[in-house]
Amino acid sequence: MGFLNKLVVSYSIVILIFILILIGIAYNYIVSVSQQTASINQSQLLNKISSQVEYYLDEMYKMGSQVASDTRIINMFNVLQEEGDPENYFEYSIMDSIEAGSILTSFNAPDYLIWRISVFNQYGDYMSDGIEIQNQTGEEKDKLNVERLMDELQSQPFLLFFQNDADYIEEDEYSDMTMSMLLPITNYYADEIYGIVEIQQNMENFQQFIALDQLEDSATVYLLDQEMNQILPRDNDYNSLDKDQYYITYESVNTYGWNLALAVSLASMTKPYQGILGYIILVSFIIVISLILTIYIITKRITTPLTNLSKSVRHITLDNVPEDLVKDESMDEVRELNTAFTAMLERLTKSLAYEKRAYLLALQSQMDPHFLYNILSIISGMGLESGNDDIADVCGKISALMRYNASFDNNNVTLGDEITHAKNYLELMKVRYEDYFVYSIHANEDLLQMRMPRQVLQPILENCFEHGFKSVPPVWRIEINADIKDGRWYISISDNGAGFGDAELLELDKKLEEYSKNLPENYHELKIGGLGLINTILRLKLLMGEGVEYQARKNTPRGTIIILQEGKNINDKDTDS
Amino acid sequence: MFNQMKLFLILMLCGALLSSCNNSDSQSESPSAQSTSTKPEEKPVYALITKEKSNLYMQKMEEGFETACEEIGVTAACYGPADYSVEAQIEIIEELIESKVAVIAVAANDEDALQDVLIRAMDQGIIVLSLDSAVNKDSRMLHIQPADPEKVGRVLIQAAASMIDNSGTVGIITTTGYATNQNLWIAWLKQEIEDNPEKYKDIILLPEVFGNDEEEATIEQTLYLLETYPELDIIITPSAVSMVAVGNTLREQDSDVLFTGLGLPAELADFIEIDKSCPWFYLWNPIDLGYLAAYSAAALDKGDILGEPGDRFSAGTLSYRVVSQSGDGGTEVFLGDPVKFDENNIGLWKTVY
Chain A
1 MGFLNKLVVS YSIVILIFIL ILIGIAYNYI VSVSQQTASI NQSQLLNKIS
51 SQVEYYLDEM YKMGSQVASD TRIINMFNVL QEEGDPENYF EYSIMDSIEA
101 GSILTSFNAP DYLIWRISVF NQYGDYMSDG IEIQNQTGEE KDKLNVERLM
151 DELQSQPFLL FFQNDADYIE EDEYSDMTMS MLLPITNYYA DEIYGIVEIQ
201 QNMENFQQFI ALDQLEDSAT VYLLDQEMNQ ILPRDNDYNS LDKDQYYITY
251 ESVNTYGWNL ALAVSLASMT KPYQGILGYI ILVSFIIVIS LILTIYIITK
301 RITTPLTNLS KSVRHITLDN VPEDLVKDES MDEVRELNTA FTAMLERLTK
351 SLAYEKRAYL LALQSQMDPH FLYNILSIIS GMGLESGNDD IADVCGKISA
401 LMRYNASFDN NNVTLGDEIT HAKNYLELMK VRYEDYFVYS IHANEDLLQM
451 RMPRQVLQPI LENCFEHGFK SVPPVWRIEI NADIKDGRWY ISISDNGAGF
501 GDAELLELDK KLEEYSKNLP ENYHELKIGG LGLINTILRL KLLMGEGVEY
551 QARKNTPRGT IIILQEGKNI NDKDTDS
Chain B
578 MFNQMKLFLI LMLCGALLSS CNNSDSQSES PSAQSTSTKP EEKPVYALIT
628 KEKSNLYMQK MEEGFETACE EIGVTAACYG PADYSVEAQI EIIEELIESK
678 VAVIAVAAND EDALQDVLIR AMDQGIIVLS LDSAVNKDSR MLHIQPADPE
728 KVGRVLIQAA ASMIDNSGTV GIITTTGYAT NQNLWIAWLK QEIEDNPEKY
778 KDIILLPEVF GNDEEEATIE QTLYLLETYP ELDIIITPSA VSMVAVGNTL
828 REQDSDVLFT GLGLPAELAD FIEIDKSCPW FYLWNPIDLG YLAAYSAAAL
878 DKGDILGEPG DRFSAGTLSY RVVSQSGDGG TEVFLGDPVK FDENNIGLWK
928 TVY
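Protein chains in written order, with this note's numbering: chain A, 1 to 577; chain B, 578 to 930.
These are calculated hints, taken from the structure and not from any lab test. Positions of the beta carbon are idealized from the N, C-alpha and C atoms, including for glycine. A few of these clues could be false.
[Unchecked claim] Only pairs whose alpha carbons sit at most 20 Å apart, straight line, appear in this in silico EDC-like list of lysine to aspartate or glutamate:
1. A/Lys423 / A/Glu434
2. B/Lys728 / A/Glu466
3. A/Lys423 / A/Glu462
4. B/Lys776 / A/Glu462
5. B/Lys714 / B/Glu885
6. B/Lys728 / A/Glu91
7. A/Lys300 / A/Asp332
8. A/Lys554 / A/Glu466
9. A/Lys511 / A/Glu549
10. B/Lys728 / B/Glu885
11. A/Lys470 / A/Asp417
12. B/Lys927 / A/Glu549
13. B/Lys853 / B/Asp810
14. B/Lys728 / B/Asp772
15. B/Lys776 / A/Asp96
16. B/Lys853 / B/Glu829
17. B/Lys728 / A/Asp96
18. A/Lys311 / A/Glu336
[What the hints assert, rightly or not] Rough simulated footprint, nothing fancy, chain A against chain B, three-plus residues with beta-carbon under 8 Å:
19. 724-738
20. 790-800
21. 885-898
[As the list claims (entries may be wrong)] Sample of chain B residues lacking proximity to chain A, with all beta carbon distances greater than 10 Å (derived):
22. Gly702
23. Gln768
24. Pro856
Looking at chain A on its own, in the form it has when it is part of the complex (with noise of 0.2 Å):
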């Protein structure tokens, strides 16, 4: 996958997850704000409900009692409770029987909004109006049962009940559930109670004056009595609802004493939303494909000169390095990009110049050191024919003096090899000094295998005779010693020369410090043999960074010593060489 797709691909996975969760947050709230407005707009329901169920109840307690409070109704009672007949006294007595049915539906017209109004006692006297039913003889009344009720009417200012509980009185095949509300007939002085009004609604009535069959479908309202015992709907059972998917809330009918419960399913509460929530996922997903589109436009033009840079840098090579690696640079960055890349390879191209050099000027000195060997080995052969060994054996420590320092094969090389080699030269130094000159080489055993830089010894050993040695008389002496001591190995080489001043040595210190400062950017100013004690701790340290110290102090009673140790807090690995 390009570079392109794959910053296409990242982008509009990561704005997809944005818009994803932009949703889910959109949709929460939306949800939330429906069962907020849906919960107003419940309770605001059930409320109305409530007062159309209180004030449906109030209705039938204000005409029981206004029946209940006719003196006609009272004294007629009265005079068939103290009579204990119990023959229905309406049966027989026409005049009555139509007075007391005219009372009762004069109170109920003219609209007839009571389903049925009923007068009884316990001795069978009944008399109703309203709706007919096919028992209105009231002879199947349960004595019983009436007093039973009359008594509950003495602490109570009503009763009701509902068909399934009115079971005193025998309801035709064709009515539907009732609700009674019964009242005392009392003689307001002795309060005795002569008999009971019975206010009968229709519970189909009840429901269409409360409007519930006005409700939506996904809506249902529970109508529950003191008990919970549920009232309505009939078909419809509260209990078995699955209050999970339901929003449900409740209102009680405060002077009854009833419970109201509205049901309403949430996926119905949703679903007004839900054409929003279409339209949000549609815009999103217009935004979204727009928003991939926008960042691929974006990320091709970011990545196109990227590209071309790519490819150029590719194709490009060190004899044909042109000035502008990209063409267009309309963009900052793609700007700064290319200037540091040229930059790059500007320095890159002078190191390589640098290095060219180098290499032509190693190839010269190893030209040089063969025409040496050739005239060092004809010395010797003329040493050994005119019988002098001593030519020959100067001749050869010559040639492997010059073959070690001009050998480019292997830069690092062991103590061991530098010991030998110091060695060499010291002793070519004591042919020509004789007795004026001693030295002595001290090297641990276990130290001789320990990788070191090429040339260390030998130009602090020049250094000996090229500074130390000239304005002091023989017999010169050089002490070598490679040992190991605390745990950290250390070289030192003494002389007793004229050793360094104070000023020498701070001259020293600086110089050392101001090269290992930037020490690639100096390297190539140092000479060999000019600055041959400084170019050896140079070298040293920019093989071996901070594995190894370096000490130049002076020796007593006169002279310098050198000392090269390792470093105190350099690792094992670091001190490789």
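Assemble chain B onto chain A, guided by the hints.
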């Protein structure tokens, strides 16, 4: 030639007398014309024929009939003659048969005179029923009885006796000798006296006189009773028209004689509230009577019932009703007990009917 002329004149007269329920424009239309006008709606036509078109009681009956027809979804067509003529009713029925109405409900001016035409109507597949005043059992499929005639008859004499403390002379002004319901009530009135001789031992019941359901005739009969029987204490009249005429006559004569019977609260409220000449009277709700007739007709029309005793049907706001055997051997449906109108409730009822 004479017969043809007579027929022509009768037809002309009937045409002029025919009236429609609530549409003044249609009053001059014949039933056939109206039937034609309802054809586009393709709704069955339920026709009601009252005893007389200007009778307030009958008009209230029409009101209930129309309401029920609207609820049922049929077209109500109400007709009534200008007087209590049975011939006019026959003519109307004949027209309705021609119009192929679905239902004919009639408050008969004569129990038997309508038999031929009503049987012809039933033969044509028309549902025939009577209301208020019945036709004989062979002329109908069902009768809508406003109240139990026995109860009505007995309560009338019971009330009258109560008003005069069970002692005095009682006169009766009825409609005609052919009025089915009035005759039945008076028969039961007399039966009540016969059944309770001890209770009515101080009651003298005068022979009934006929006011023909007409104001003038009733006034004449009232004056006749007042003049003929100075000891008269109370007049019973089982007719709404007669009740008003009797009340007005007693008022004009400044008589102490009381009266009671069957009447409309709207017409008689003053006699209870002001004159006090009528302590109370009775009547059923004529609106409900018309309403029940329409629903009964619909039950027959739809085949829900056959008009047999024990048949049950829904009567709208009046709930379920049961068909029962009637005294004449036919079947009937009761509206219910009559309502007693007195000073306690006349204020309410006079606004209703």
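Hints and how they fare:
| no. | hint | result |
| --- | --- | --- |
| 1 | A/Lys423 / A/Glu434 | holds (15 Å) |
| 2 | B/Lys728 / A/Glu466 | violated (163 Å) |
| 3 | A/Lys423 / A/Glu462 | holds (12 Å) |
| 4 | B/Lys776 / A/Glu462 | violated (172 Å) |
| 5 | B/Lys714 / B/Glu885 | holds (12 Å) |
| 6 | B/Lys728 / A/Glu91 | holds (11 Å) |
| 7 | A/Lys300 / A/Asp332 | holds (16 Å) |
| 8 | A/Lys554 / A/Glu466 | holds (17 Å) |
| 9 | A/Lys511 / A/Glu549 | holds (16 Å) |
| 10 | B/Lys728 / B/Glu885 | violated (23 Å) |
| 11 | A/Lys470 / A/Asp417 | violated (28 Å) |
| 12 | B/Lys927 / A/Glu549 | violated (133 Å) |
| 13 | B/Lys853 / B/Asp810 | holds (14 Å) |
| 14 | B/Lys728 / B/Asp772 | holds (14 Å) |
| 15 | B/Lys776 / A/Asp96 | holds (16 Å) |
| 16 | B/Lys853 / B/Glu829 | holds (14 Å) |
| 17 | B/Lys728 / A/Asp96 | holds (11 Å) |
| 18 | A/Lys311 / A/Glu336 | holds (17 Å) |
| 19 | 724-738 | holds (count 5) |
| 20 | 790-800 | violated (count 0) |
| 21 | 885-898 | holds (count 7) |
| 22 | Gly702 | holds (29 Å) |
| 23 | Gln768 | holds (12 Å) |
| 24 | Pro856 | holds (12 Å) |
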